[in-house]
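Enquirer: Residues per chain are reported as follows:
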Amino acid sequence: MSTHSEGRILRYVDALAEAVAQEMAQDPAVFVMGLDVDDHRAIQGSTRGLLEKFGADRVFTTPLSEDAMTGVAIGAAMAGMRPIHVHIRMDFLLLCMNQLINIAAKAHYMYGGTVSVPLVVRSIIGRGWGQGAQHSQALHGMFMHVPGLKVVAPSNAHDAKGCLIAAIRDNNPVMFVEHRLLYTTEAYVPEAQYTVEFGRARICTKGDDITVVGISNMVVESLRAQELLKDIDIHAEIIDPISLVPLDIDTILNSALRTKKLLVVDNAWVPCGAGAEIVAQVLERAGPGAGITVKRIGFAHTPTPTTSALEQFFYPNPGTIAQAVQQMVRPGSAPWQPDPERTKLAYQVQFRGPF
Amino acid sequence: MSTHSEGRILRYVDALAEAVAQEMAQDPAVFVMGLDVDDHRAIQGSTRGLLEKFGADRVFTTPLSEDAMTGVAIGAAMAGMRPIHVHIRMDFLLLCMNQLINIAAKAHYMYGGTVSVPLVVRSIIGRGWGQGAQHSQALHGMFMHVPGLKVVAPSNAHDAKGCLIAAIRDNNPVMFVEHRLLYTTEAYVPEAQYTVEFGRARICTKGDDITVVGISNMVVESLRAQELLKDIDIHAEIIDPISLVPLDIDTILNSALRTKKLLVVDNAWVPCGAGAEIVAQVLERAGPGAGITVKRIGFAHTPTPTTSALEQFFYPNPGTIAQAVQQMVRPGSAPWQPDPERTKLAYQVQFRGPF
Amino acid sequence: MAPGSELPPQALVERLYRSLHFIRHAEEEVARIYPSDQIKSPVHLSIGQEAISVGVCDALNTDDVVGGTYRGHAVYLAKGGDLNAMMAEMYGKITGCARGKGGSMHLVGMDHFVLGTSAVVATTIPVAVGYALALKREGKGRVAVTFFGDGASEEGAFYESLNFAALHKLPILFVCENNGFAIHEPLSKRWAAHDLCRRVEGFGVPATRVTDGDIFAIRTATAATAARMRQGNGPELLECMTYRWKEHVGPNEDFNQNYRDAAEAAPWIAGDQVPRLAAMLPTQLAAAIEADSRVRVADAVRFAEESPFPTFEELHTHVYAL
Amino acid sequence: MAPGSELPPQALVERLYRSLHFIRHAEEEVARIYPSDQIKSPVHLSIGQEAISVGVCDALNTDDVVGGTYRGHAVYLAKGGDLNAMMAEMYGKITGCARGKGGSMHLVGMDHFVLGTSAVVATTIPVAVGYALALKREGKGRVAVTFFGDGASEEGAFYESLNFAALHKLPILFVCENNGFAIHEPLSKRWAAHDLCRRVEGFGVPATRVTDGDIFAIRTATAATAARMRQGNGPELLECMTYRWKEHVGPNEDFNQNYRDAAEAAPWIAGDQVPRLAAMLPTQLAAAIEADSRVRVADAVRFAEESPFPTFEELHTHVYAL
Ligand SMILES: Cc1ncc(C[n+]2csc(CCOP(=O)(O)OP(=O)(O)O)c2C)c(N)n1
Ligand SMILES: Cc1ncc(C[n+]2csc(CCOP(=O)(O)OP(=O)(O)O)c2C)c(N)n1
Ligand SMILES: [Mg+2]
Ligand SMILES: [Mg+2]
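Protein chains in written order, with the working numbering: chain C, 1 to 355; chain V, 1 to 355; chain F, 1 to 322; chain L, 1 to 322.
Calculated from the structure, these hints are not laboratory results. Hints are not guaranteed to be accurate.
Pair by pair, the computed Cβ-Cβ distance ranges are [said to hold, decoys possible]:
hint, chain 1, residue 1, chain 2, residue 2, range
1, F, 198, L, 302, 50 to 60 Å
2, C, 80, L, 265, 35 to 45 Å
3, L, 249, C, 80, 50 to 60 Å
4, C, 45, F, 28, 23 to 33 Å
5, V, 80, L, 258, 52 to 62 Å
6, V, 350, L, 35, 47 to 57 Å
Straight-line C-alpha distance at most 25 Å; calculated DSS-like pairs for lysine-lysine [claimed, not checked]:
hint, chain 1, residue 1, chain 2, residue 2
7, V, 295, C, 295
8, C, 260, V, 260
9, L, 169, F, 189
10, V, 53, L, 189
11, V, 53, C, 295
12, F, 169, F, 189
Every residue gets a Cβ at the ideal spot worked out from N, C-alpha and C, and that includes glycine.
Given only the sequences and the hints, what does the whole structure look like? Please build it.
Expert: This is the structure we're talking about:
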């Protein structure tokens, strides 16, 4: 893992494409499949250039057959290839659950270690422009439930590249969770190949008042919230777990033991989600005397409404995150409304390093 | 809900069949579909007699096409019928996730309340006799994650009948979770139709030392553990949530606030499972000063091994539950090993009421 | 129309043109408005493909049931769905057919027996089959129709649905709108065998292909199959070759994107059923129909614009049915 | 064998009989042992259906790849899988092919190119197709075979797999072991159209049916298709009609359960390939082969019995690959 602000400024989407191109150049076993990976839109740019560089044998679209295509990717992986199966929306993984959970997650164990499934499943959480109930789901919580799968959700371009390379080299099925709104965000990204190790959380900002764990895009939203909170002299420690399985609970626990407040901001439904797991693990470990206040926020517990009039209430945003923090840090104090102008400004915030 | 030990002693499996027969007799919209519901094995007896009583139009097997068959059930439900779609193993629901989550769970919302999906999805958690990794999964945690679905997991014959009738009459998709080992357990079951309301937990045994929430078959195992624990003068309050969505968190919270110890024993993998949700909700509500010790146990975090040599370590059992309780109630005390003879006896324990 | 076949009666042409022009004009308005950002959700226009919905729906009874896809404006309107409610839905207003919660991809009109459309390809096919199961049990001779694209035919659920529908002889017509593309991917990258009808017949489902987009042929084929289905004959499939004029999603043309050739479109534009039907009608009548479309569409846009947005409480309503 | 075709050379018959008798005897032993409860996992016996696995695998090269289902003992053994490891697996021992973690339904033998079998119907079909994709990329002319039941052909994944395999001209042979039942449900309750080959051909996959269980016909058909596939000709399907002699799962007969008629079984028992091949061999040779089977099976049972169970640590190993 690179620890400094090195490399060029690169967009998340380009970091993804670069990671794959470099790994494909190095390892002929790596290939990319999935609906539309080879068209001129190139999965919103994230597979840009691969077809031209590596040809149609290694970069190909598929029929609309997510279930069997997942099986195909698994079979190729068992044969020693390293498929990257791409889905432009995470919602479509619901067609793949049987192969992912009944085969990919279990094969290594169920077959006594005689086969492995080095498979990367890339999927994008949709958002923006009224995606609606079926094009906006975030299912990482479901995958965290299942032994045998790894789950990563990088929140910036640096981690996107490093995690994707790590995922490609991993000998297990890795659910690689991207977020549409992260695609244009930029960070320092080294040119050379590097891996971001799974199971090591990053403390993005230090703070003593509260520990905020953000997941996927909610790292960015939490950083924006933290900017706002400075106005009222609240200093949040923002933690990005980066990988959800394996999960670096120690970093989160240690922070929460110090701040005595733990807020998990997920980019998904709350019940039985990543936040539930993080809160439960922290409190199991901290014990009854730790006196940690805990809270989870995430999607409203509804299907995603299409109209922006309701969508605005569906997602956590810097304002609602900051308000939740304020109430946790100063319970009983008058509710506080961040200055809308400052909230807008907060949207300029980007985490570009140091890594 | 019946509150006394009324009715006959009936097996869980017969209570299921009776519930459906009574509802079918009363409401011509109710029908039963699913692989093998009409064969002589009758889904381990739970659809026994239905074909003979109601004919092949209302009780029919299907091709092996779980995905489309779920869509068919949903479509029939939208048209005003009340399908009960039966799966002999819960694992097969992984083929149905797209229809269940992308359509059934969302239809009422996504279509602005103009349609509803009164669908019951019955599925059995397999266990015993080396079912292995693909015939033993319990996926209720995944369904708890998704708004629009209800999830119930009755642990005894009385609730099985009452919940199934409630599920059939419910205007929403209800994931009805059964456990193979419960099928032969008996309880007092009223003859007449009755409903067990969703969202009301039952306190099965009162106790002041710890709150133990058992899920599905783990209610039974927890009751057995509680028998053992009496030997060392530990009195556990065993709570059966019965329905997981909606979840009666108040009953659990109030008990945990009193006992200061909360153990959730799930019949599933632990991460992002029902236990995570219950623990997180209780501690969010109880606040940092409550001083509640929490713990979750469930399946080992591995695919299910087939050999009984390993299976015995995979599942919680009365002994391991009792040990976990003992360590929570008397932290630091020497580990205690329940008398194996008494453990065997504990397997005679059945919860037959009062309800 | 095959040469030598009778000229369709004017009443029929008029009815078809009324529907066809209305839908074309409504979608053109959607395309015109779209850049203004008032429609904040993806739109998949049917422009160029509407004759399929109109031809099929014209052959159905009012209480027959149809279901479509995210590219569903045409089906929704052809079956009688309310344009005001559709337009308001696209604007995200509470007066929308799904109270603004669904948007363009999730139109629904149960009062006209239009099943909700879905953004996940092929998901609505088995759902329509399930509805047809209920219709069969009801025994009143009603039929269901499910519209879907060539891409949807690649999903396993489609074949599972064919088998089940045929096994139970359900009154469901499968209508494949074969426009040759799934987003930008041509059939050649997706189908090993290009004869969908033959593939479908292997499941015991009789199949008919209409190659030229002729609205009368589509209507006639539907009428025949619907009559058979009402007799209990079981499902059939109609494959209608067609062409999408606009980009996959959004209001623009995309021939400059090089994944397809404008020359491919030319015969379809030449064979456009909208001017064809207009030319079959007295000029004045055609003009009156067009004027009527314009009024209705303008009214719908105004209705959508003037309707209120849903408020916060609406977020949490309808998660569960009562 | 078709009348007039040449008598197969004795070496071939001997080889086939060696495999066939070994498998039959191994499964009969499993059935015999089963009531003793030492095999603590569901077993789905191939008894009566073994000629398919043996005929197909005999026509393959050692480094060709096969995959089967939970009813996979015959395929596993026919491809050369180690009976000791299989028997130990069923006993739940650490020396099993899956270290006791898989059991009868999850046999695996990668050293003989036997892909892991699966208890979820049809799941192994696309997995084998994916393996065939890798074989095609490898370019050494190796082929893959996926065995599955008639019931598996109802899952959408099967059709999706056919289309993809044909589209990419993958070297995969689909072998449907059509025994007419899925558990207790006959084809008539599951298939609208009974001609699987025709259905499959609609996907651009040539299909051949062997109706009588003739092991030579199966072998010949496989050899021909494998040769074509090695040339890059793309996938094919072989439908082998067959009959399951025992209950769906477990060691018993179940004709007393009334879901099927013993008369149905009669022609299959009469046409049993095991005595047929025996009769084609010199008595002494047949006897020697049978004796050899008995020794090997007895050895395997002893091996399984004497092997240790896995211990606690094994529970948590192999969840993730290193
Ligand atoms: C299950 C699923 N996979 C992929 C997508 C992404 N997607 C949306 S539309 C589409 C193309 C569908 O093509 P077709 O069925 O021919 O319909 P058309 O758009 O041409 O009308 C795809 C791949 C999706 N929505 N759902
Ligand atoms: C996806 C799935 N659905 C249902 C089952 C339950 N089941 C196990 S075997 C079987 C029958 C399969 O029949 P077929 O494919 O013909 O194979 P056979 O057992 O006849 O060899 C069924 C329905 C399953 N294991 N997996
Ligand atoms: Mg298309
Ligand atoms: Mg069969």
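Enquirer: Hint check: residue 260 of chain C vs residue 260 of chain V, CA-CA at most 25 Å. Holds or violated?
Expert: holds (19 Å)
Enquirer: When you check the alpha-carbon spacing of residue 53 of chain V and residue 189 of chain L, does it fall within 25 Å?
Expert: At roughly 19 Å apart (the allowed maximum being 25 Å), residue 189 of chain L and residue 53 of chain V satisfy the hint.
Enquirer: Tell me if the beta carbons of residue 249 of chain L and residue 80 of chain C are separated by a distance inside 50 to 60 Å.
Expert: violated (34 Å)
Enquirer: Would the pair residue 53 of chain V and residue 295 of chain C pass a check requiring their Cα atoms to be no farther apart than 25 Å?
Expert: It is violated: about 52 Å lies between the C-alpha atoms, which goes past 25 Å.
Enquirer: Falls inside 52 to 62 Å, the C-beta gap from residue 80 of chain V to residue 258 of chain L?
Expert: About 36 Å separates the Cβ atoms of residue 80 of chain V and residue 258 of chain L, which means 52 to 62 Å is violated.
Enquirer: Please check whether residue 350 of chain V and residue 35 of chain L have a Cβ separation lying inside 47 to 57 Å.
Expert: violated (29 Å)
Enquirer: Would the hint linking residue 295 of chain V and residue 295 of chain C be met if the CA-CA limit is 25 Å?
Expert: With Cα atoms ~18 Å apart, residue 295 of chain V and residue 295 of chain C stay inside 25 Å; holds.
Enquirer: Check the hint pairing residue 169 of chain L with residue 189 of chain F against an upper bound of 25 Å on the C-alpha distance.
Expert: Holds, because 12 Å separates the two Cα atoms, which is no more than 25 Å.
Enquirer: Taking the Cβ atom of residue 80 of chain C and the Cβ atom of residue 265 of chain L, is their distance within the range 35 to 45 Å?
Expert: holds (43 Å)
Enquirer: Taking 50 to 60 Å as the stated bounds, is the beta-carbon spacing between residue 198 of chain F and residue 302 of chain L within them?
Expert: holds (56 Å)
Enquirer: Take a quick look at whether residue 169 of chain F and residue 189 of chain F sit within 25 Å of each other, Cα to Cα.
Expert: violated (33 Å)
Enquirer: Falls inside 23 to 33 Å, the C-beta gap from residue 45 of chain C to residue 28 of chain F?
Expert: holds (31 Å)
Consistency note: the structure conflicts with the earlier hints numbered 3, 5, 6, 11 and 12.
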